[in-house]
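Participant: If you read the protein sequences in the order shown, they are chains E and P.
Per the working numbering, the first sequence starts with residue 1, numbered consecutively.
Per the working numbering, the second sequence starts with residue 1, numbered consecutively.
Just so you know, the hints here were simulated from the structure itself, not pulled from any lab data.
All values derive from a computational prediction rather than experimental measurement.
Among these hints, one or two may not hold up.
[What the hints assert, rightly or not] Computed list of chain E residues with no C-beta within reach of chain P, every gap over 10 Å:
id: 1; residue: L46
id: 2; residue: M67
id: 3; residue: F109
id: 4; residue: Q215
id: 5; residue: A219
id: 6; residue: A220
id: 7; residue: I221
id: 8; residue: L222
id: 9; residue: Q229
[Said to hold, decoys possible] Pairs of lysine-lysine residues, derived as DSBU-like cross-links and limited to a Cα-Cα distance of at most 30 Å, are as follows:
id: 10; chain 1: P; residue 1: K247; chain 2: P; residue 2: K265
id: 11; chain 1: P; residue 1: K114; chain 2: P; residue 2: K28
id: 12; chain 1: P; residue 1: K10; chain 2: E; residue 2: K129
id: 13; chain 1: P; residue 1: K129; chain 2: P; residue 2: K66
id: 14; chain 1: E; residue 1: K319; chain 2: P; residue 2: K133
id: 15; chain 1: P; residue 1: K91; chain 2: P; residue 2: K113
id: 16; chain 1: P; residue 1: K30; chain 2: P; residue 2: K10
id: 17; chain 1: P; residue 1: K114; chain 2: E; residue 2: K127
id: 18; chain 1: P; residue 1: K131; chain 2: E; residue 2: K319
id: 19; chain 1: P; residue 1: K263; chain 2: P; residue 2: K275
id: 20; chain 1: P; residue 1: K16; chain 2: E; residue 2: K130
id: 21; chain 1: P; residue 1: K154; chain 2: P; residue 2: K74
id: 22; chain 1: P; residue 1: K303; chain 2: P; residue 2: K275
id: 23; chain 1: P; residue 1: K16; chain 2: P; residue 2: K74
id: 24; chain 1: P; residue 1: K30; chain 2: E; residue 2: K318
id: 25; chain 1: P; residue 1: K275; chain 2: E; residue 2: K127
id: 26; chain 1: E; residue 1: K129; chain 2: P; residue 2: K91
id: 27; chain 1: P; residue 1: K133; chain 2: E; residue 2: K318
id: 28; chain 1: P; residue 1: K10; chain 2: E; residue 2: K127
id: 29; chain 1: P; residue 1: K91; chain 2: P; residue 2: K114
[Claimed, not checked] Chain E is faced by these chain P residues, among others (derived, beta-carbon under 8 Å):
id: 30; residue: A51
id: 31; residue: A79
id: 32; residue: F82
id: 33; residue: N84
id: 34; residue: A86
id: 35; residue: Y88
id: 36; residue: A100
id: 37; residue: K108
id: 38; residue: V110
id: 39; residue: K114
id: 40; residue: F223
In this text, a Cβ means the ideal position worked out from N, Cα and C, and glycines have one as well.
Now for the letters of each chain:
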Amino acid sequence: MEAKTMKQPALTKKEKAPRKKMTREKRIRYFKDNSPYLLMILPAVLIVFLFNYLPIYGVLIAFQDFMPGDKILSDSTIWVGFQNFERFFSDPQFWPLMKNTFLICIIGFVIGFPLPIIVSLMLNAMKGKKTAKVLQTIFNGPHFISLVVLVGMLTLFFGRYGLVNNIAAHFGGERYSYFLESKAFRPMYILSSNWQDFGWSAIIYIAALSNVDPQQHEAAILDGATRFQRVMHVDLPAIMPMVSVMLIMSIGGLMGVGYEKALLMQTDGNLAVSELISTYVYKRGLTGVPDQAYATAIGLFNSIINVVLLIIANTTSKKFSENSLW
Amino acid sequence: MSEVVLKGLKKVYDNKVTAVHDVNLEIKDKEFIVLVGPSGCGKSTTLRMVAGLEEISDGELFIDGKLVNDVPPKDRDIAMVFQNYALYPHKTVYDNLAFALKLRKEPKDVIDKKVREVAEILDITQYLKRKPKALSGGQRQRVAIGRAMVRDPKVFLMDEPLSNLDAKLRNQMRAEIIKLRSRINTTFMYVTHDQTEAMTLGDRIVIMKDGYVNQIGTPQEVFNRPVNLFVAGFIGMPVMNFFDHCKLLLEDGVYYAEIRGVKFKLGDFQQKALKQNNAQPCDIVAGIRPQHVTVGEGELSAKIEVSEMMGSEYNIHARSGDDEVVMLIPTVDLTTDVSMGKTINFTTRPHLIQLFDRETGNNLIWYDAESATNNAPVCKRYDF
Numbered sequence: 001m002e003a004k005t006m007k008q009p010a011l012t013k014k015e016k017a018p019r020k021k022m023t024r025e026k027r028i029r030y031f032k033d034n035s036p037y038l039l040m041i042l043p044a045v046l047i048v049f050l051f052n053y054l055p056i057y058g059v060l061i062a063f064q065d066f067m068p069g070d071k072i073l074s075d076s077t078i079w080v081g082f083q084n085f086e087r088f089f090s091d092p093q094f095w096p097l098m099k100n101t102f103l104i105c106i107i108g109f110v111i112g113f114p115l116p117i118i119v120s121l122m123l124n125a126m127k128g129k130k131t132a133k134v135l136q137t138i139f140n141g142p143h144f145i146s147l148v149v150l151v152g153m154l155t156l157f158f159g160r161y162g163l164v165n166n167i168a169a170h171f172g173g174e175r176y177s178y179f180l181e182s183k184a185f186r187p188m189y190i191l192s193s194n195w196q197d198f199g200w201s202a203i204i205y206i207a208a209l210s211n212v213d214p215q216q217h218e219a220a221i222l223d224g225a226t227r228f229q230r231v232m233h234v235d236l237p238a239i240m241p242m243v244s245v246m247l248i249m250s251i252g253g254l255m256g257v258g259y260e261k262a263l264l265m266q267t268d269g270n271l272a273v274s275e276l277i278s279t280y281v282y283k284r285g286l287t288g289v290p291d292q293a294y295a296t297a298i299g300l301f302n303s304i305i306n307v308v309l310l311i312i313a314n315t316t317s318k319k320f321s322e323n324s325l326w
Numbered sequence: 001m002s003e004v005v006l007k008g009l010k011k012v013y014d015n016k017v018t019a020v021h022d023v024n025l026e027i028k029d030k031e032f033i034v035l036v037g038p039s040g041c042g043k044s045t046t047l048r049m050v051a052g053l054e055e056i057s058d059g060e061l062f063i064d065g066k067l068v069n070d071v072p073p074k075d076r077d078i079a080m081v082f083q084n085y086a087l088y089p090h091k092t093v094y095d096n097l098a099f100a101l102k103l104r105k106e107p108k109d110v111i112d113k114k115v116r117e118v119a120e121i122l123d124i125t126q127y128l129k130r131k132p133k134a135l136s137g138g139q140r141q142r143v144a145i146g147r148a149m150v151r152d153p154k155v156f157l158m159d160e161p162l163s164n165l166d167a168k169l170r171n172q173m174r175a176e177i178i179k180l181r182s183r184i185n186t187t188f189m190y191v192t193h194d195q196t197e198a199m200t201l202g203d204r205i206v207i208m209k210d211g212y213v214n215q216i217g218t219p220q221e222v223f224n225r226p227v228n229l230f231v232a233g234f235i236g237m238p239v240m241n242f243f244d245h246c247k248l249l250l251e252d253g254v255y256y257a258e259i260r261g262v263k264f265k266l267g268d269f270q271q272k273a274l275k276q277n278n279a280q281p282c283d284i285v286a287g288i289r290p291q292h293v294t295v296g297e298g299e300l301s302a303k304i305e306v307s308e309m310m311g312s313e314y315n316i317h318a319r320s321g322d323d324e325v326v327m328l329i330p331t332v333d334l335t336t337d338v339s340m341g342k343t344i345n346f347t348t349r350p351h352l353i354q355l356f357d358r359e360t361g362n363n364l365i366w367y368d369a370e371s372a373t374n375n376a377p378v379c380k381r382y383d384f
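Chain E extracted, bound-state conformation:
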């Protein structure tokens, strides 16, 4: 019986034979055999090294009493240990900054993460494939609008004399200064970000869905599954590995919200909620009397939170599913 020739389960780490070290000749042959591929990835490696790894050297100033114009490493460098971090933790802005950044990120994540998944599943389930493609193109459009134009559009729509207020005034309502109100900042910021990116983010899931074997859908149809059940039992599980990876990456970058849009939308009226870690770093490090050591310490602290979140998300995903980044 064929059943007796069953596939053996994968070996555990202990059972695996120890990997032999490559001999010098083998290593040379390996590089020779793979030289075209290694050459192809060389530019990417160089760019990542130059722009992502080399600047890490700059974080040293977070531990120094650094003034603009000083060399990062010289005989006159004054090392202050964790003083800049302590200053930030005792800064009256610390908790408001943490709260603002965390809320913007977490609400944005809760709304923004499932949105592209839902959109991709809906587009994939549509009968009219041409309509689905047209919709997908329309959804991708906002991604190509620059942040400055986007905030300009928000001003046109929600400014005191913008479209929304004009309509309200036409019907006898009062004009409302959305940009001066703290309450309006987060919804405007989060919803406009999600509007801009949901179509673009859906591409990766649409690509994953295109790999689903159509026969699985046919089998489900014969099994009596409705369209919704097919989405839940065939499509969604098929993109779950991709969802896991995207989830880990999103959580890893959760606190990494950029400063540009917040700065563009910032007014004295909404400063209490629109001041984020990133905008604060920008202001302290590059405007007024620059305090670059302090700004770097805050930035580094923010990055450490992201790394910790990434490790937690990856470990959790590894434990509860078969998907992880490493």
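Fit chain P to the given chain E structure using the hints.
Facilitator: Frame of chain E, contents of chain P only:
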């Protein structure tokens, strides 16, 4: 009762390509019917129309006496086994088997009983907790069959279920399907491009080409009485030898086949059949099966190009004029030197020669010109 009747079934795609032309077929209750033909012949499309996965462009489909053209697949009481197994990769074997029953909202204990019964029959009980990726090809195929079995369908559809398996496993699974068929005793529709599968599995075989049915018959019938050149060439392994530019001669009321200048007096049955058909002397293509060739005698000659010793028989590829001749000679009968490069004489028993009209390609004896329609040639029956 689970008869399936296809009446003038036709499939035209949106781009106006007609994939299936006017298929008429009556599948009896508990019959195992095999649709066979080369790629693109419309066999899978026909099966998918029966499954409800393709819309029927024209014609009528009856299952168990009910017209089901507009009945959704789930309500047709059919189950299908797919070429790529189509198992749900994230579900365990148990959940794969139970899925259709869960959707039907059957009680848990009933689902469990049915799943375990089927798993027992297919010998996959030990794999119920595994996911499909942890199974071999053969085991996956069993699960796919099991998934169809748990539904206890009226009609079992199989779309090239063995084509993803290697040759050894395919043979094993073929035998398993034969056993399975005797156990579950329902109506089967099986699609394959492999004529060996068709011959070994089917009660009847439907041979299709370019969307048309070419012949419907038992394995023996399509092998011994092919209605045209296509069927003759498609059924049988190795493929039938065709000798072009031959003649059907009628001398003093006796029919002869002239192959490469050699006259063969045809057998009694052929004489009677040709007389009944009022066959006139004409150009023909003569067909001789490799198994029906005898070497070392006769006036036909060929030069051996390849000689393969297969154990119990020799598979000889030779050239006779413009025609390639394949001969399958049992080793025990062989007294002639059949090494490569040798020229050998060969002959055949005249009553085994198939005679095809050179113009139409139809078999002069077996093609029923009276009852055949353009879309489905019929094999002629004789009383003698």
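Participant: Work down the list of hints and note, for each, if the structure agrees.
Facilitator: Do the hints match the structure? See the list:
1. L46: 38 Å, holds
2. M67: 58 Å, holds
3. F109: 25 Å, holds
4. Q215: 4 Å, violated
5. A219: Incorrect as stated: the minimum Cβ-Cβ distance to chain P is 4 Å, not above 10 Å.
6. A220: 8 Å, violated
7. I221: 5 Å, violated
8. L222: Incorrect as stated: the minimum Cβ-Cβ distance to chain P is 5 Å, not above 10 Å.
9. Q229: 7 Å, violated
10. P:K247 to P:K265: 12 Å, holds
11. P:K114 to P:K28: At roughly 27 Å apart (the allowed maximum being 30 Å), P:K28 and P:K114 satisfy the hint.
12. P:K10 to E:K129: At roughly 25 Å apart (the allowed maximum being 30 Å), E:K129 and P:K10 satisfy the hint.
13. P:K129 to P:K66: Violated. P:K129 to P:K66 sits at ~39 Å, over the 30 Å cutoff.
14. E:K319 to P:K133: Holds, because 20 Å separates the two Cα atoms, which is no more than 30 Å.
15. P:K91 to P:K113: Answer holds: P:K91 to P:K113 is near 19 Å, not above 30 Å.
16. P:K30 to P:K10: 25 Å, holds
17. P:K114 to E:K127: 35 Å, violated
18. P:K131 to E:K319: Holds, because 18 Å separates the two Cα atoms, which is no more than 30 Å.
19. P:K263 to P:K275: It holds: about 18 Å lies between the C-alpha atoms, which stays within 30 Å.
20. P:K16 to E:K130: 19 Å, holds
21. P:K154 to P:K74: Holds: P:K154 and P:K74 sit about 12 Å apart, inside 30 Å.
22. P:K303 to P:K275: Not satisfied, since the Cα-Cα distance of roughly 36 Å exceeds 30 Å.
23. P:K16 to P:K74: Holds, at about 28 Å.
24. P:K30 to E:K318: 50 Å, violated
25. P:K275 to E:K127: Distance ~60 Å between P:K275 and E:K127 Cα, so the pair is violated.
26. E:K129 to P:K91: 28 Å, holds
27. P:K133 to E:K318: 19 Å, holds
28. P:K10 to E:K127: 23 Å, holds
29. P:K91 to P:K114: Status holds; Cα separation ~17 Å.
30. A51: Result: holds, 6 Å to nearest chain E Cβ.
31. A79: This interface hint holds because 7 Å falls under the 8 Å limit.
32. F82: Interface hint status for P:F82: holds (5 Å vs cutoff 8 Å).
33. N84: This interface hint holds because 5 Å falls under the 8 Å limit.
34. A86: 4 Å, holds
35. Y88: Check passed: Cβ of P:Y88 comes within 7 Å of chain E, closer than 8 Å.
36. A100: P:A100 check passes; min Cβ-Cβ to chain E is 4 Å, inside 8 Å.
37. K108: Constraint on P:K108 not satisfied, violated at 17 Å.
38. V110: Hint on P:V110: violated, closest Cβ of chain E at ~16 Å, above 8 Å.
39. K114: For P:K114, the interface hint is violated, since the closest Cβ of chain E sits about 14 Å away, which is over 8 Å.
40. F223: 29 Å, violated
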